[in-house]
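*Asks:* Please model the entire structure based on the sequences and the hints provided.
Note that the protein sequences, when read in sequence, are chains A and B.
Per this note's numbering, the very first residue in the first sequence carries number 3; after that it's consecutive.
Per this note's numbering, the very first residue in the second sequence carries number 4; after that it's consecutive.
Hint data in this document are derived by calculation from the structure and do not stem from the laboratory.
Backbone N, C-alpha and C fix where the C-beta goes; we use that ideal spot for every residue, glycine too.
Incorrect hints may have been included.
[To be verified] Stretches of chain B that chain A covers, calculated by requiring three or more beta carbons in the stretch to come under 8 Å of a beta carbon on chain A:
1. 23-33
2. 49-63
3. 112-122
4. 125-132
[What the hints assert, rightly or not] Among chain A residues calculated to face chain B with C-beta under 10 Å, some are:
5. Ala143
6. Gln188
7. Asp255
8. Lys383
9. Glu419
[Claimed, not checked] DSS-like cross-link-like pairs, simulated, lysine-lysine; straight-line CA separation at most 30 Å:
10. Lys112/B x Lys55/A
11. Lys63/B x Lys112/B
12. Lys112/B x Lys94/A
13. Lys112/B x Lys32/A
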Amino acid sequence: MEQLRTFGRELAMGSQGGFYQSKEFLDLVKSIGEARSKAEEDRIVVNEIDTLKRRIAEPDIPKRKMKEYIIRLVYIEMLGHDASFGYIHAVKMTHDDSLLVKRTGYLAVTLFLNEEHDLIILIVNTIQKDLKSDNYLVVCAALNAVCKLINEETIPAVLPQVVELLAHPKEAVRKKAIMALHCFYQKSPSSVSHLISNFRKRLCDNDPGVMGATLCPLFDLITRDVNSYKDLVISFVSILKQVTERRLSKAYDYHQMPAPFIQIKLLKILALLGSGDKQASENMYTVVGDVFRKCDFSSNIGNAVLYECICCVSSIYPNPKLLDSAADIISRFLKSDSHNLKYMGIDALGRLIKISPEIAEQHQLAVIDCLEDPDDTLKRKTFELLYKMTKSTNVEVIVDRMIDYMISINDNHYKTEIASRCVELAEQFAPSNQWFIQAMNKVFEHTGDLVNIKVAHNLMRLIAEGFGEDDDNADSKLRSSAVESYLRILGEPKLPSGFLQVICWVLGEYGTADGMFCASDITGKLCDVAEAYSSDDTVKAYAVTALMKIYAFEIAAGREVDMLTECQSLMEELLASHSTDLQQRAYELQGVIGLDAHAVEFIMPSDASCEDIEVDKDLSFLDGYIQEAIEKGAQPYIPESERPGVLNMGNFRNQDHHESSHGLRFEAYELPKPAVQPRIPRALLPSTEIVPVPEPVYPRETYQTPVTPIPSNPSDAGSAELKLRLDGVQKKWGRPTYTPETSTSNSTSQKTVNGAAQVDGPSTVNSTRETYASRKLQVEISHEKQKLAASLFGGSSKPEKRPATGHKVSKASSHMLEKSHVPNSSMEVASEKTAPAQTPPDLLDLGEPTSTSTAPSLDPFKQLEVLLDATQDASAANSATSASRSPDVMALYADTPVGIHNKDEADLLSGMSNMSGATARPQPTKGSSKGPNPKDSLEKDSLVRQMGVKPSSQNPNLFKDLLG
Amino acid sequence: MIHFVLLISRQGKVRLTKWYSPYSQKERTKVIRELGGVILSRGPKLCNFVDWRGFKVVYKRYASLYFCMCIDQDDNELEVLEIIHHFVEILDRYFGSVCELDLIFNFHKAYYILDELLLAGELQETSKKTVARLIAAQDSLVETAKEQQGSISNIIAQATK
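*Replies:* Laid out in structure tokens, this is it:
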């Protein structure tokens, strides 16, 4: 009777609090809610755990009560505490017959367990049973669990049922079955490879929900293998068409948009299918254009779809009309006040500039605003964009900015990323050695050991190889500027280990090479390093080897070697070092100093770090020597494995003159080899130093190459390692491989200049007067920004305007200097030659940045031609519209199909806004000397007119561009 | 793909967590602490997106509650922002102008709803009506079960008289 009573009370309590929870549970939630500190919260939870542990183990708990316990467990787990003691009860709950209880059980197990958990095996059977249930809600609950819990091994157990469910009468079940199959595919593609046709079938499901869900797996499948799904392009296009035409039920509308989530998914798929495939892309143009037109700019979801359209357009085979619409949307995003839209705009711009680089020009100020925005997310996105648009002309500004930002943040993850980007850009585009070394120094100084050590090795390699061409002069300049800057940097406290390694290596290799510094300067510094970073063995090892090189070069040059006292004391310390590696290096140094000039030159040829070392692994050159020794009665070599345990110490000592002063290394030297002949292995020696210092090497490892006659020679292992490294390392930043841009030699840049001038010239003539008013407004935009804009978007033509960036090219090597001036001089030539393209005074200079910065990309003139060809028949209509253009260009774009005149205008805009951004204000004095040539410009004008392009005279967009 | 969904209050208290990618309990705690710090300290006019360990976290604040979803680098942030809103609209319809308290006391209901919306980190249903219908179907089952039990308790009550 008592039991019945409590049962009744529980039932009554269950109905309290709206959703049948007990007072206890409500109290728990409340007290957690009121907890003032994390500690207090933890205390409450720990109490709760104790209570639950006790209660849950009691026998015969009513189901309702148990259900509540499980939910309390979920709550505890959600708060970050361990509820594993109750997992088994949750698993038991899934076995229950009542759906109510079962559902709670499934919810709990999906939250508690992941697919690797041991308890899964206890659930699989239940899932199997539930998948066959005739109550579709039970099936749904089981399918939810399938997605979360079934792992690769258990897929076969449920796969047949899941496949059967694809034909279930309830759409909710079909949908979940599709998702479950998708999960299986993700976890183990091979397990469902024979079932992939099911996805195609479900695409035609008459329920839009199921169709929408099918897009998820199809997107995955198409990502992995585009070609097998090309036949579906037509289906996807027609689905998207139907969606945009609102053929789906109203229930799928979201904020007045027809099924936007499905549209986005479809656009993603189309982007994959149309990438690099002209034929497939052509099928998509109309529907994507429709989506563009029908999207609602005012709602967030509309913008999400538009963004996806831009992604799609920039991925498929380019279509000028769509690219124009995309560019329009981007400028709308960038001009928006919403940070979210700006962010998306920057991202979209980064996608589009791959196809039409010129569109960046018109947004330069917006980009710079984003770069200077206090919002970190936006800033990072902008850096990503800059990274994508870096070329040799703007690399300095961009990398400098990146480094500044890198220094200012604490987030190590991002710091590493941005540092490696800096390195990559600097390697690819560095305009001068000087700058490159400086940039690298900064990166190393501030990110230190976050940067992959490979980067440090790369830097060493770069300095060693120089340009890799015949320009020895430039190479040595690079090196001496490196040496100079490193000597300066060594004065700073606390440098990162990786950077110190580079410094030591470079100082050792090239410290005395150009005769600017004498050996004692360099060795003094190296000793300082070894002392200051005495806890870092790797750095010390680098320093000692560097010392050895310096002394070797001195000896080889026939100079008297005078070891500094600090150096001597360092050596003494290292000779007794606990690190065998350091000790060995110290002995090597000692050995080298004792040799005569000829021998030293052989061991340590100067500047030979790039020369290949041939390794004779069999050491066949020793055969004669060994033969001789054996004949004299020496014992033959016995492989380590067959060796007797006893070591012959006396014998060992006699063998090795160099090492006679200590008795530590006995194992490896018991080989029957008398005096060492340094001459023989010398050929092996030269550049072991380029090899990164191995972690403390123990004698056993080092000497396992058994017959190596010189004890102190790790060259075998070393050179093998060296060879390996040679393959993986990137080419240095010399011009040929990476950058067609850097080689913008006279001819190319000149040509594009001509092309650009032809397009820009006449149009700007007309617009000069009209935009005069707008110039006054430009003045308001700060000088700083404009300079930055100029250097980012068109810096090449005026290096002299770059003081804001802090880096001058003036000190660069002659080679580089020449290069950076090329655009300038070619400009002059171009403007002289192409008289017809002559533009009015103040515009000539300002127009230049456009042309040079677009030089590596498409020639705008050529694009125009293509355009003309493509839309020949449309040109008549277009010229009509362009003649009577309404001032509201935006509206025009939005409402009518975008015609050719838009393209023209885009060019025009880019020219103009670029001009306004590039320099602070018109410079009439400078321009007047060049003088306009009205006749020529008229001719030009008429030529352009003939081609059906009418330069516009009015440009409301310009204002927007300038004032955001 | 959505890697996890987090609901955090302005005070940094966890209201709901759903993990679609495997994270150990320790990692979860760390993630919540880290992201809570980043997101709660952001100003109102900034982007609703945050870079985080190579992923992106999209968040939106509703009253005192932050809804966060972690997605891959190449996902569409605006779309995810709308998925969050979609979820909130469904919650709103279900609870009848939802407030934080509803979610605090009925977090398991929120889980059921989320399970109808997202599955395995993908959006499975985009129609509000369909989700509402499914949830209603499940709830009606609960109701009938309750009624049955109610009748049982009547019997018991009579029996104990």
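*Asks:* Taking the hints in turn, state whether each one holds.
*Replies:* Results for each hint:
1. 23-33: holds (count 4)
2. 49-63: It holds, with 8 qualifying residues against the three required.
3. 112-122: As far as the segment 112-122 of chain B goes, the hint holds, because 5 residues have Cβ atoms under 8 Å from chain A.
4. 125-132: That given contact holds, which follows from 8 residues of the segment 125-132 of chain B lying within Cβ reach (below 8 Å) of chain A.
5. Ala143: holds (8 Å)
6. Gln188: holds (8 Å)
7. Asp255: Because about 9 Å separates aspartate 255/A from the closest Cβ in chain B, which is inside the 10 Å limit, the hint holds.
8. Lys383: holds (8 Å)
9. Glu419: holds (8 Å)
10. Lys112/B x Lys55/A: holds (24 Å)
11. Lys63/B x Lys112/B: holds (21 Å)
12. Lys112/B x Lys94/A: holds (21 Å)
13. Lys112/B x Lys32/A: The given pair, whose Cα atoms are some 18 Å apart, holds under the 30 Å limit.
The structure is consistent with each of the numbered hints, conforming to all of them.
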